[in-house]
Amino acid sequence: MSEIKSKADKRFQLFWNTFFIVVSIVALIPIIRVISVSFSSKDAILSGKVFLYPIQFTLEAYVRAFRSGSFLSAFGYSVVLMLASTVICMVMTVIAAYPLSRPGLKGAGIIMIMFVLTMYLDPGMIPKYLNVKNFNMIDTVWALIIPEALSAYNMIIMCTAFKSIDSSLYDAAKIDGCNEIQTLVKVALPLVYPTLATLALFYAVGRWNRLSDVLYYVNSSRLYTVQMVLKQMIEAVKISQEEGASSQLVADNIKSASIMISMLPMLVVYPFIQKYFTKGIMLGAVKG
Amino acid sequence: MKKENEKKPIKRQSAKVYFQNTWQLYLMLLIPVIYMLAFRYLPMVGTVIAFKKFNVFAGIWKSPWVGLAHFKEAFGAAEFWSALKNTLILNFGDLMIGFPIPIMLAVFLFEIRNVRIRKATQTILYLPNFLSWVIIAGVITQLFSTSGLVNELLHKIGVSEVNFLSSPFIWRFVYWLSGVWHSAGYSLIIYLAALSGTDPSLGEAAYIDGATRLQRIWYVTVPQIRATISIMLIMQLGKIVSIDFDRPYMLGNTLVKSASNVISTYVYNVGLQSGRFDFATAVGLFQSVVGIVLILSVNKISKNMGQEGIM
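Those sequence lines, one after another, are chains A and B. 180 is the number that the working numbering gives to position 180 of the first sequence; each next residue is one higher, with no gaps. Start counting at 1 in the second sequence, then tack on 1000, and there's your number in the working numbering.
Keep in mind that the hints are not guaranteed to be accurate.
Stated by the list, open to error - In silico PhoX-like cross-links for lysine-lysine, where the CA-CA straight-line distance does not exceed 20 Å:
| no. | chain 1 | residue 1 | chain 2 | residue 2 |
| --- | --- | --- | --- | --- |
| 1 | B | Lys1016 | A | Lys106 |
| 2 | A | Lys106 | A | Lys42 |
| 3 | B | Lys1119 | A | Lys275 |
| 4 | B | Lys1016 | A | Lys279 |
| 5 | A | Lys133 | B | Lys1085 |
| 6 | A | Lys174 | B | Lys1016 |
| 7 | B | Lys1085 | B | Lys1072 |
Stated by the list, open to error - Stretch by stretch, here's where chain A covers chain B in the computed footprint (C-beta under 8 Å, at least three residues):
| no. | segment |
| --- | --- |
| 8 | 1036-1044 |
| 9 | 1232-1246 |
Honestly, the hints are just simulated from the structure, not real lab data. Just so you know, even glycine gets a beta-carbon here, dropped at the ideal spot from N, CA and C.
Using the sequences plus the hints, can you model the full thing?
Structure below.
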């Protein structure tokens, strides 16, 4: 019986191993395609020779994408914006979560409810826009930082992490003469390092990828993030396509190079951050 | 039980001692609380302009009331109904296509013993989750435009060109498919985690009783992750009237507007583009209210059915 079983099992394993290899390859094809086009020459693209590997390998598209001043400066600005807003988000999250995690703090329950409600009550795009406008933040960099500076969801994850700290450590810190701020910095934060890293990455990726607030709150092109510049580039191609012009093919390699450059920060850090994100999802799921 | 333990250390404290011990904590909380009031609750108050004739110069409070006029106008506007219909169609498709796929992937991936293939698949499928919809829209045009990869392949096997991105009907499938590509990895990880918490001895018992592998998966493994599946389903059902902005906005184009114009893009167009703040707020408010009612009722129904709720 075990003989039959192992044969059937082998076939099962073989089938599903193959299946998942195929699925993985198919999932990678879109990115492989963009990479190939970005490294191919204009002529090769125009004549339709490029398939899933570069033809007439050239870095021309990358050079041109970087030479166009708007893209390069938007890239640098986006990196700085991402770092700055992540720092602000983390400070806000920690100073909200730490007090709420301490047992016996009066009023913590009500404040917690106040935070949780914001996860379900969405005021909508226009009231949020008018609010940002009332704070005189339209067309400033603050509009891209402040409105999303604190997510209740992440705050709850942070709070759960703080709650897992053994209260005897707090008592020890108190006996040693630490005030609450010193306790937070010297005792609590080092202990919740993995959660800190996870949430910082959540905020950073969120900021890097978000288009909507740039579209809503910002008019001047000096405040455009990489996503916004890329969007304009893609839109230009879309329009030329709708008009049926073949000229859009020429821009294809530059567009692909720009897509690759915009992906770059995510692709570079992905292998390192993946496990944190997996953990982060779990933190959220446990809460759910 | 837990509460008793927590309350012990602070009993019999005078208010003064309590405050001396905790004022720094309250100081820390002050900033986030003010922030939440200013950037989450103040805009909620701002939704009153849905019932007013909003005048930018008069401001929110001095603008005159108009009652339900904006809602009546919205319910009479064909474009509103088309946006609502498209929102429902696109979300429903996500539910039908995007919801079961990660469950199936997770169940079979969990059965695989080759750890490297398991890890690699997980890593690769999770990757697109980190790409913005702007990037995905760029990738999609590379794949599905008339000169894209898919049409090249179709051309090679002698099939004539398909206008994936300009036919509203086919465009919807591109939208759903891109959703699977973007989000399947995320759900996959959640289901895999749920699976790793299941009890393997149940499967072994079923095996001894003569159950085939598929029977074991269907009758033993899947029921053990039913709670996770139902929570994920509740969350998605609760969001069936609300739709993210970036995805339909970036994937859509003028040729497929009849399929890609959804509530969020409609609010953006009439509100921020055309400056009809009051009317757009009414449309958004309608969506939010229906959304909350849906979340609460789905949650209630699932609790009545003996499943876990999300609240």
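Consistency of the hints with the structure:
1. Between lysine 1016 of chain B and lysine 106 of chain A the CA atoms are separated by roughly 13 Å; this keeps the pair inside 20 Å, and the hint holds.
2. At roughly 67 Å between alpha-carbon atoms, lysine 106 of chain A and lysine 42 of chain A are farther apart than 20 Å, so this suggested pair is violated.
3. Restraint check for lysine 1119 of chain B and lysine 275 of chain A: satisfied, since their Cα atoms lie roughly 11 Å apart, inside the 20 Å limit.
4. Between the alpha carbons of lysine 1016 of chain B and lysine 279 of chain A the distance comes to roughly 42 Å, so the proposed pair goes past 20 Å and is violated.
5. Pair hint lysine 133 of chain A plus lysine 1085 of chain B does not hold up; C-alpha atoms about 31 Å apart against a cutoff of 20 Å.
6. At most 20 Å may separate the alpha-carbon atoms for a hinted pair to count; lysine 174 of chain A and lysine 1016 of chain B meet this at roughly 18 Å.
7. Our distance criterion of 20 Å between C-alpha atoms is met by lysine 1085 of chain B and lysine 1072 of chain B, whose separation comes to about 18 Å.
8. Residue count for the segment 1036-1044 of chain B with a Cβ under 8 Å from a Cβ of chain A: 8. That meets the three needed, and the coverage hint holds.
9. Coverage of the segment 1232-1246 of chain B by chain A holds. Counting CB-CB distances below 8 Å, 4 residues qualify, and the rule asks for three or more.
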